[in-house]
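Novice: Sequence:
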Amino acid sequence: MKILVDVNASGAIANWLESMGHDIVRASTKDPRMSDDDILTWAVQENRVIITTDKDFEEMVWRAQRPHRGILRLENLPRQERKLLLEEAIEHYQQELENGAIVIAQQKKFRVRKSR
Numbered sequence: 002m003k004i005l006v007d008v009n010a011s012g013a014i015a016n017w018l019e020s021m022g023h024d025i026v027r028a029s030t031k032d033p034r035m036s037d038d039d040i041l042t043w044a045v046q047e048n049r050v051i052i053t054t055d056k057d058f059e060e061m062v063w064r065a066q067r068p069h070r071g072i073l074r075l076e077n078l079p080r081q082e083r084k085l086l087l088e089e090a091i092e093h094y095q096q097e098l099e100n101g102a103i104v105i106a107q108q109k110k111f112r113v114r115k116s117r
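Each residue of the sequence shown is one higher than the last, beginning at 2 in the working numbering.
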């Protein structure tokens, strides 16, 4: 899966995803102060799912009707728990994410919002 890891997501998570064979780019490598707007634009241009802990992307997509290629928001949990949630989310919702869904991974549950 093509993924853009937001600056607020752990570098260890990005490294782990890369080791699993995913095509990863990191916003922190390009510009650690990159705005959410620029990150969303970049993800759309490169057809990448955004992985973040930031709720702002959902607001931009649902309220402002911004285009996107899928967003996976992880609850702000300890790194190991986030990694397990991420693994489960990708295993069960990769197709939905690649089709532009927003998946919110919370402790013990997932919420999925399909594209409009």
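Everything labelled a hint here was simulated from the structure, so no lab data went into it.
Keep in mind that a hint or two might mislead.
In silico DSS-like links for lysine-lysine, alpha-carbon gap of 25 Å or less [as the list claims (entries may be wrong)]:
{"id": "1", "residue 1": "Lys110", "residue 2": "Lys31"}
{"id": "2", "residue 1": "Lys109", "residue 2": "Lys31"}
{"id": "3", "residue 1": "Lys31", "residue 2": "Lys84"}
{"id": "4", "residue 1": "Lys84", "residue 2": "Lys115"}
{"id": "5", "residue 1": "Lys31", "residue 2": "Lys3"}
{"id": "6", "residue 1": "Lys56", "residue 2": "Lys3"}
{"id": "7", "residue 1": "Lys84", "residue 2": "Lys109"}
{"id": "8", "residue 1": "Lys110", "residue 2": "Lys3"}
Beta-carbon label-pair distances, calculated as ranges [said to hold, decoys possible]:
{"id": "9", "residue 1": "Lys115", "residue 2": "Arg80", "range": "24 to 30 Å"}
{"id": "10", "residue 1": "His93", "residue 2": "Glu19", "range": "18 to 24 Å"}
{"id": "11", "residue 1": "Pro33", "residue 2": "Lys115", "range": "28 to 34 Å"}
{"id": "12", "residue 1": "Arg34", "residue 2": "Glu60", "range": "28 to 34 Å"}
Don't be surprised by glycine CBs; every beta carbon is placed ideally from N, CA and C.
Novice: A separate judgement is required for each hint: does it hold in the structure or not?
Specialist: Going down the list of hints, with the structure as the test:
For a cut-off of 25 Å, the pair hint linking Lys110 to Lys31 is broken: about 32 Å separates their Cα positions. This hinted pair does not check out: Lys109 and Lys31 have alpha carbons roughly 33 Å apart, beyond 25 Å. The suggested pairing of Lys31 with Lys84 holds, with an alpha-carbon distance near 23 Å, which does not exceed 25 Å. Our distance criterion of 25 Å between C-alpha atoms is met by Lys84 and Lys115, whose separation comes to about 23 Å.
Straight-line distance between C-alpha atoms of Lys31 and Lys3 comes to about 16 Å, which keeps the hinted pair within the 25 Å bound. The suggested pairing of Lys56 with Lys3 holds, with an alpha-carbon distance near 21 Å, which does not exceed 25 Å. The hinted pair formed by Lys84 and Lys109 meets the criterion: a straight-line CA distance of about 13 Å does not exceed 25 Å. Note on Lys110 and Lys3: the hinted pairing holds, with a Cα-Cα distance of about 24 Å set against a maximum of 25 Å.
Checked against the given bound of 24 to 30 Å, the beta carbons of Lys115 and Arg80, roughly 29 Å apart, stay inside it. For His93 and Glu19, the hinted distance range of 18 to 24 Å is satisfied, since their beta carbons lie about 21 Å from each other. Separated by about 32 Å at the C-beta atoms, Pro33 and Lys115 satisfy the suggested range of 28 to 34 Å. For the hinted restraint 28 to 34 Å between Arg34 and Glu60, the CB-CB distance of approximately 20 Å leaves it violated.
When each numbered hint is compared with the structure, violations occur for hints 1, 2, 12.
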